[in-house]
Amino acid sequence: MKIMLVDDSRTIRNIQKNVLKQLGHENVIEAEDGVQALDKFNQDKPELMLVDWNMPNMDGITLVRKVRELDKAVPIIMCTTEAEKSRVLEAVKAGVNNYIVKPFTVESLGEKISQTMEKVAAKA
Amino acid sequence: MDVRYINPFVKSIANTFQTMCGLSINVEKPQLKSGDDPSSDVSGVIGFSGDAAGSVALLFNYDVASKIASAFAGTEINEDHDDFSDAIGELANMVAGGAKAQFEGLNISISLPNVIRGKNHNLSGSKSAPRLIIPCNTDMGTFYMEIGMVLTKSVAASQTAAVGASQ
Numbered sequence: 001m002k003i004m005l006v007d008d009s010r011t012i013r014n015i016q017k018n019v020l021k022q023l024g025h026e027n028v029i030e031a032e033d034g035v036q037a038l039d040k041f042n043q044d045k046p047e048l049m050l051v052d053w054n055m056p057n058m059d060g061i062t063l064v065r066k067v068r069e070l071d072k073a074v075p076i077i078m079c080t081t082e083a084e085k086s087r088v089l090e091a092v093k094a095g096v097n098n099y100i101v102k103p104f105t106v107e108s109l110g111e112k113i114s115q116t117m118e119k120v121a122a123k124a
Numbered sequence: 001m002d003v004r005y006i007n008p009f010v011k012s013i014a015n016t017f018q019t020m021c022g023l024s025i026n027v028e029k030p031q032l033k034s035g036d037d038p039s040s041d042v043s044g045v046i047g048f049s050g051d052a053a054g055s056v057a058l059l060f061n062y063d064v065a066s067k068i069a070s071a072f073a074g075t076e077i078n079e080d081h082d083d084f085s086d087a088i089g090e091l092a093n094m095v096a097g098g099a100k101a102q103f104e105g106l107n108i109s110i111s112l113p114n115v116i117r118g119k120n121h122n123l124s125g126s127k128s129a130p131r132l133i134i135p136c137n138t139d140m141g142t143f144y145m146e147i148g149m150v151l152t153k154s155v156a157a158s159q160t161a162a163v164g165a166s167q
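Top to bottom, those sequences are chains S and A. 1 is the number of the first residue of the first sequence in the numbering used here; add one for each residue after it. 1 is the number of the first residue of the second sequence in the numbering used here; add one for each residue after it.
Treat the hints as calculated values from the structure; they're not laboratory data. Just so you know, not all the hints are guaranteed correct.
Covered stretches of chain S (chain A as the covering partner; in silico rule of three or more C-beta atoms under 8 Å from a C-beta of chain A) [as the list claims (entries may be wrong)]: (1) 8-21; (2) 74-86; (3) 103-112.
Ideal placement from N, C-alpha and C gives every residue a C-beta, glycine not left out.
Chain A with its partners taken away, still in its complex shape:
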């Protein structure tokens, strides 16, 4: 994955969590996803299509997710609450939307949120899009952002041609 595509997600997650939850995020160095990644209990996933393909996911354990969902909604939302998954999905939606807006010149669409629940699950992505895991530390605990995004072939080819022409 091109590292230029990481910053929009980092900026967006910081803005989303500060604005909606009043929470500062200390983002650690991204790591390439391997077989030894942290598992999660709830994941909010948004897919990308159009000029770029892939997805962004926010991965939480139940304890951290409950605290963050409660801060977001302004009322206590634990894992059994009817709005728990909705809150996690909407946060992922805002992070994806905020990042998408920073990819100037690319026409990208985002999917509706999908929320996956299950103690200690892992997400699997396409092998064609290497995935990065970014630890996000907050006062409410640590969660992870997982990103896998590649430009579609025609867009990548035109960008390569543009770089070649400018050299």
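Only chain S is shown next, with the shape it has when bound in the complex:
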């Protein structure tokens, strides 16, 4: 499975990559902002996206809206410090499938990823 990690922090992307590796996913594409992610999305067609909210050039919520104009189905998990209920609702409205608040444990991130994949598989 091809998974895209979108976060301006390389440290966070590396932590996410390690979690994905533990789950058996090593086919990872990285982007450090929404603009780069959108370019790579068109080229690489990821099958799951983990998206940060606050990023330079294009933020995560804008990216989610733009991705949803192109693809209604690709599962998107928002992974962000934005923890307010209003933010979660805004993200869900924009089209995210799951939401995880930073700081996160490796276990909780793994669970969210597995949970999202299971839901998507059940719908298919």
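Guided by the hints, dock chain A onto chain S, whose structure is given.
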């Protein structure tokens, strides 16, 4: 600075460091920033805007910062590592985000992280927002959290009016 705004930061820093670094923090009493404050070698700074203005900064010496960045990233990250500043900035980001979520009813935005490096530097803030220094003791050494935050005029006025009406 209103002391009610300190607890969200204290809770958030404890949660962030425990969750991401497996590190317990023993927070000392906040002190008003004076001219005689501890200097640092690397500072991760996040600004606030919206209903509140100001910033929160995490101030480290290189030794403590390297140990904490390594615990966070799960790999050795010293001050010369490409991801050193990124790790410090992201920790500051998580602390700011966690605190922001606890300010119910306030619409606050946080900036992207800024990381300042330089042996023995000090941060200067706006005089309109008194700044507090909070020593944070850990098994990896002591670092400091510096907070300066004020409500914007319109929000402060509405809160004062609400308090007045309830009395």
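- Item | Numbers of the earlier hints that this structure fails to satisfy, in rising order | none
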